[in-house]
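Residue numbers (the numbering used here), protein chains in the order written: chain W, 68 to 187; chain U, 68 to 187.
Treat the hints as calculated values from the structure; they're not laboratory data.
Just to be clear, a hint being listed does not mean it is correct.
Any copy will do: because identical chains look the same in the list, a pair fits if it lies in one copy or spans two.
[Said to hold, decoys possible] For lysine to any residue, the following SDA-like pairs were computed, each having C-alpha atoms within a straight-line distance of at most 20 Å:
1) Lys186 x Glu167
2) Lys179 x Thr155
3) Lys186 x Leu125
4) Lys186 x Ser141
5) Lys186 x Asp132
6) Lys186 x Ser128
7) Lys171 x Ala96
8) Lys171 x Gly92
9) Lys179 x Glu103
10) Lys127 x Leu185
11) Lys154 x Arg80
12) Lys179 x Ala168
13) Lys154 x Met115
14) Lys113 x Arg80
15) Lys179 x Glu167
Just so you know, these numbers come straight off a predicted model, no measurement behind them.
2 protein chains.
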Amino acid sequence: MPNKPVSLSIDPRLRINHGRRFAFGPGKAELLEKIERTGSISEAAKAMGMSYMRAWTLVKSLDRDFAEPLVNKSRGGSNRGGATLSKTGRRVLSIYREMEAASKAAIHAAGKRLGRLLKP
Amino acid sequence: MPNKPVSLSIDPRLRINHGRRFAFGPGKAELLEKIERTGSISEAAKAMGMSYMRAWTLVKSLDRDFAEPLVNKSRGGSNRGGATLSKTGRRVLSIYREMEAASKAAIHAAGKRLGRLLKP
Chain W
68 MPNKPVSLSI DPRLRINHGR RFAFGPGKAE LLEKIERTGS ISEAAKAMGM
118 SYMRAWTLVK SLDRDFAEPL VNKSRGGSNR GGATLSKTGR RVLSIYREME
168 AASKAAIHAA GKRLGRLLKP
Chain U
68 MPNKPVSLSI DPRLRINHGR RFAFGPGKAE LLEKIERTGS ISEAAKAMGM
118 SYMRAWTLVK SLDRDFAEPL VNKSRGGSNR GGATLSKTGR RVLSIYREME
168 AASKAAIHAA GKRLGRLLKP
């Protein structure tokens, strides 16, 4: 007798590889989102509990992998100045969120079947 | 002008949470698959470059989260004896692989759009 479904959540962590190298995934998506919201790499890093250097390294790796910059860094006096998403940056984030939603929708029914096999 | 798509692969790492706790994901799926193939937790651990203790802990966590055991442990003299997947174990693995395939199919088109934004 199948059990009643339990409180189940499925988190599709989509890792996008460019050739052999990891290019984009949930952490970079969250960083872009927080840069968009805070207008600053430094504030975005803080919001994620990440060092500024780590966030900066992630932004540099995006510059390396994507044809156009995803983040517009301000050319102001301090290298901790403002930052915004470029049009391409917003597009990448939007496609990625669309992929997550499509993945969730596609696995929903099977996920419920799996959930019935868990302890109530 | 969009770039030619580059060699892109997308790895949907589906993390299944039971209430607040992580219950099943790519590592446990691979462990089940290797137990099925090798007939032994110890050999499965070796094939994954994982300690026997770590593999055993993962199997115990499956016993804790699922209503029925996913792995039938042999009752022989050694606790490193044979192991096979139970019917429920095979079912969980099969549903999980089905979910991965459904996720990949669902994100394929958007993934190609994202791929065009990467460097060639």
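Right, here's what the structure says about each hint:
| no. | hint | result |
| --- | --- | --- |
| 1 | Lys186 x Glu167 | neither (27 Å within a copy, 22 Å between copies) |
| 2 | Lys179 x Thr155 | between (36 Å within a copy, 15 Å between copies) |
| 3 | Lys186 x Leu125 | between (39 Å within a copy, 16 Å between copies) |
| 4 | Lys186 x Ser141 | neither (52 Å within a copy, 23 Å between copies) |
| 5 | Lys186 x Asp132 | between (43 Å within a copy, 6 Å between copies) |
| 6 | Lys186 x Ser128 | between (42 Å within a copy, 12 Å between copies) |
| 7 | Lys171 x Ala96 | both (17 Å within a copy, 19 Å between copies) |
| 8 | Lys171 x Gly92 | both (15 Å within a copy, 15 Å between copies) |
| 9 | Lys179 x Glu103 | neither (34 Å within a copy, 24 Å between copies) |
| 10 | Lys127 x Leu185 | between (42 Å within a copy, 14 Å between copies) |
| 11 | Lys154 x Arg80 | neither (24 Å within a copy, 28 Å between copies) |
| 12 | Lys179 x Ala168 | both (17 Å within a copy, 16 Å between copies) |
| 13 | Lys154 x Met115 | neither (23 Å within a copy, 42 Å between copies) |
| 14 | Lys113 x Arg80 | neither (22 Å within a copy, 26 Å between copies) |
| 15 | Lys179 x Glu167 | both (18 Å within a copy, 14 Å between copies) |
In this structure, the hints that do not hold are numbers 1, 4, 9, 11, 13, 14, in rising order.
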